[in-house]
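Colleague: Here is how the chains run, residue by residue.
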Amino acid sequence: MGNKNISQIAMDRIKEDRIVPISRNIFSIKRVLFWVVVATSFIVGAFIFSFVLYALFNNDWYLYDRLGLSLVFRTLPYFWILSLAIFTILGEFYYRKTLLGHRRGLVVIVSIYLVSTTLFGSIFYAIGFGDLVERSLSDVSPMYRSIVLNHREVWSHPEEGLLSGRIIFINENEIQIVDSNGYFWIINREGTLIRGNVEIEIGDRIKIIGSKVNDNLFRAEEIRPWFGRGINNRNVVIMH
Amino acid sequence: MIETESCDSKTDEELVELSLRNSDHFFCLSKRYEEKLLRYIIRISKFSREDAEDVLQEVFIKTYYNLNGFDSDLKFSSWIYRIAHNEAVSAIRKKVVRPTIYLDETDLEKFGDVFDMVKDVDNSIDRKMIDIALSNLDEKYREVLVLRFLDEKDYTEIADILKKPVSTVGNLILRGKKLFRLEYEKLIGVTV
Numbered sequence: 000m001g002n003k004n005i006s007q008i009a010m011d012r013i014k015e016d017r018i019v020p021i022s023r024n025i026f027s028i029k030r031v032l033f034w035v036v037v038a039t040s041f042i043v044g045a046f047i048f049s050f051v052l053y054a055l056f057n058n059d060w061y062l063y064d065r066l067g068l069s070l071v072f073r074t075l076p077y078f079w080i081l082s083l084a085i086f087t088i089l090g091e092f093y094y095r096k097t098l099l100g101h102r103r104g105l106v107v108i109v110s111i112y113l114v115s116t117t118l119f120g121s122i123f124y125a126i127g128f129g130d131l132v133e134r135s136l137s138d139v140s141p142m143y144r145s146i147v148l149n150h151r152e153v154w155s156h157p158e159e160g161l162l163s164g165r166i167i168f169i170n171e172n173e174i175q176i177v178d179s180n181g182y183f184w185i186i187n188r189e190g191t192l193i194r195g196n197v198e199i200e201i202g203d204r205i206k207i208i209g210s211k212v213n214d215n216l217f218r219a220e221e222i223r224p225w226f227g228r229g230i231n232n233r234n235v236v237i238m239h
Numbered sequence: 000m001i002e003t004e005s006c007d008s009k010t011d012e013e014l015v016e017l018s019l020r021n022s023d024h025f026f027c028l029s030k031r032y033e034e035k036l037l038r039y040i041i042r043i044s045k046f047s048r049e050d051a052e053d054v055l056q057e058v059f060i061k062t063y064y065n066l067n068g069f070d071s072d073l074k075f076s077s078w079i080y081r082i083a084h085n086e087a088v089s090a091i092r093k094k095v096v097r098p099t100i101y102l103d104e105t106d107l108e109k110f111g112d113v114f115d116m117v118k119d120v121d122n123s124i125d126r127k128m129i130d131i132a133l134s135n136l137d138e139k140y141r142e143v144l145v146l147r148f149l150d151e152k153d154y155t156e157i158a159d160i161l162k163k164p165v166s167t168v169g170n171l172i173l174r175g176k177k178l179f180r181l182e183y184e185k186l187i188g189v190t191v
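Going line by line, the protein sequences match chains A and B.
For the first sequence, position 109 (counting from the first letter as 1) is numbered 108 according to numbering that gives the first Met the number 0, and the numbering increases by one without interruption.
For the second sequence, position 31 (counting from the first letter as 1) is numbered 30 according to numbering that gives the first Met the number 0, and the numbering increases by one without interruption.
One chain only, chain A, in its complex shape:
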């Protein structure tokens, strides 16, 4: 040990420079903020997982026979999966900044986060949260469902027998729609199976399975509501 008394010198400097400890509140606020971010990312993550479940359970899986594996790639809820990944990274990052957060490894933290969000997300889905938010967002923003669930893309392939659009005209044998690209289509609906809650009213959005006759004529085999799978309630076959 040298001659200098380091502790004494440090004490002298503390007194001479009138150094006072930073307020406890500053540290408390910082700690609380970190936990708020962690908790928020967890809750949001759980909600997002409920949307993922909703998207998967309400996907048009009946098209699998028609589209095969491409249906999976076309309709995976990429937006929500990406959002979940972002919130997982955010949660992990700020959890590490908590007092003892550094003690656990990346794999452990991410696993705990994903298992918890899966569990709570499933509960949110079971109590109908995913459905509620999806419908609310769809009502607020007509583009939402198309973008998030890739529906517009899937249902914009008349050459593959898949078409969707908003009804602008109805008569006994025909429906006229405008598709998402702004093209007019005449839908021949003779012998068409109407699934679910399709009201066939002007302004409604529908999905149609059938075959393209020419550039503006489409023969419908099946009409479904835009929203949901359309397998509940009533199925009606229109015969003329």
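Certain hints may be false.
[As the list claims (entries may be wrong)] Derived DSS-like pairs: lysine-lysine, alpha-carbon spacing no greater than 27 Å straight-line:
#: 1; chain 1: B; residue 1: K139; chain 2: A; residue 2: K96
#: 2; chain 1: A; residue 1: K29; chain 2: B; residue 2: K61
#: 3; chain 1: A; residue 1: K14; chain 2: B; residue 2: K30
#: 4; chain 1: B; residue 1: K93; chain 2: A; residue 2: K96
[Said to hold, decoys possible] Partner residues aside, some chain B positions facing chain A, computed with beta carbon under 8 Å:
#: 5; residue: L19
#: 6; residue: K30
#: 7; residue: Q56
#: 8; residue: I60
#: 9; residue: N65
#: 10; residue: N67
#: 11; residue: L73
#: 12; residue: F75
#: 13; residue: T155
#: 14; residue: P164
#: 15; residue: V165
#: 16; residue: S166
Hints are computed from structural coordinates only; laboratory data are not their basis.
Beta carbons are placed, not taken as given, at the ideal position from N, Cα and C, and that holds for glycine.
Since the structure of chain A is provided, determine the placement of chain B on it from the hints.
Modeller: Using the frame of chain A, we list chain B on its own:
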């Protein structure tokens, strides 16, 4: 000024609380860690004693300034070691020197025991070899070996000081021991 003898029976946490009420009590805390931290700073930086003392002064001042940030869920020793580690690393960067290890007689004995090394050879050569072998290790291995075998910290304390996961610390120690032994044996082989 508070007599350090009157602080001997008090825990670190009690002294932190007392220091927040009366800064004079901080002298007891800094005195308690002075020697340990000075040795630690020298070990990881190979600064001269004077330079290490300057670093340590800053450590004590930062510790006092952030004293309200200490949370008793953490051991005070881990917390102050973390500050010392950060301050030493920062000083090393400023000086732009490659940190190397300095070992004294006691350190050598500790290392000899842990690694079951030859002790009947010339002590100064042995020490020099250990010193070089440690210095040749990557920083991440060197710092955990110093904390584990020279400062005798457990895995959780090392994790808290370095802010790394406990499992990572375990792996670094395991790998560091192997690498150190290889490095040491290589040096001994060269010199024989």
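Colleague: Hint by hint, note whether the structure agrees.
Modeller: Against the structure, the hints:
| no. | hint | result |
| --- | --- | --- |
| 1 | B:K139 with A:K96 | 20 Å, holds |
| 2 | A:K29 with B:K61 | 18 Å, holds |
| 3 | A:K14 with B:K30 | 16 Å, holds |
| 4 | B:K93 with A:K96 | 26 Å, holds |
| 5 | L19 | 6 Å, holds |
| 6 | K30 | 5 Å, holds |
| 7 | Q56 | 5 Å, holds |
| 8 | I60 | 6 Å, holds |
| 9 | N65 | 6 Å, holds |
| 10 | N67 | 4 Å, holds |
| 11 | L73 | 6 Å, holds |
| 12 | F75 | 13 Å, violated |
| 13 | T155 | 7 Å, holds |
| 14 | P164 | 4 Å, holds |
| 15 | V165 | 5 Å, holds |
| 16 | S166 | 5 Å, holds |
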